[in-house]
Amino acid sequence: MKQKINKRYIYQQIFITLSLSIIPLNSVCAEPVIYDFTVNVTEGSLKDNTYDGFIIYDDETVTGAEEEMITVEDGLKVCMNFFNENYDETKDSDYPQYPQLILKNGKPESLDFWLEPNPRRQWWNKNGWLVTVTQRPENSNLPVNCPNGVTP
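To get our numbering, take the position in the sequence shown, counting from 1, and add 399.
Simulated from the structure, these hints should not be mistaken for lab results. Misleading hints may appear alongside valid ones.
Said to hold, decoys possible - Subject to a maximum C-alpha distance of 25 Å in a straight line, what follows is the list of computed DSS-like cross-link-like pairs (lysine-lysine): (1) K506 x K525; (2) K446 x K490; (3) K503 x K525; (4) K525 x K490; (5) K446 x K525; (6) K506 x K490.
Hey, can you work out the whole structure from these sequences and the hints?
Structural data, given as structure tokens:
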């Protein structure tokens, strides 16, 4: 009888160990994803101006689908320097419904972030507004805080 209990205990321990080893640990802990962006204006009244900023969202909100949208409700954070002034997501003229980040296959495609009271316009990669986006390395020393309170 004692031998049966020991075998049963051993089998349970093996099962638990194997079960835990196949659970992907990275899915348990969400990580912030940070993309830096630069906007170079090459046409129009703002020609020769450059603006920059960053976008932060939780990797658990992204499925990798062909197209998906992340909003403030999903944890989207934005910081953009526009005319030497920093703006975070709460400064969007239609906050909290906006800003919205569109992803294609898990990568940023466009950011709908509007600071003016007049009707929204899509400026991200429109003619004369060239946007460069790079994912920030996890070990980067670059700041993740916007003076208006954006933190990952």
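The hints, checked one at a time:
no.: 1; hint: K506 x K525; verdict: holds (18 Å)
no.: 2; hint: K446 x K490; verdict: holds (24 Å)
no.: 3; hint: K503 x K525; verdict: holds (17 Å)
no.: 4; hint: K525 x K490; verdict: holds (22 Å)
no.: 5; hint: K446 x K525; verdict: holds (13 Å)
no.: 6; hint: K506 x K490; verdict: holds (24 Å)
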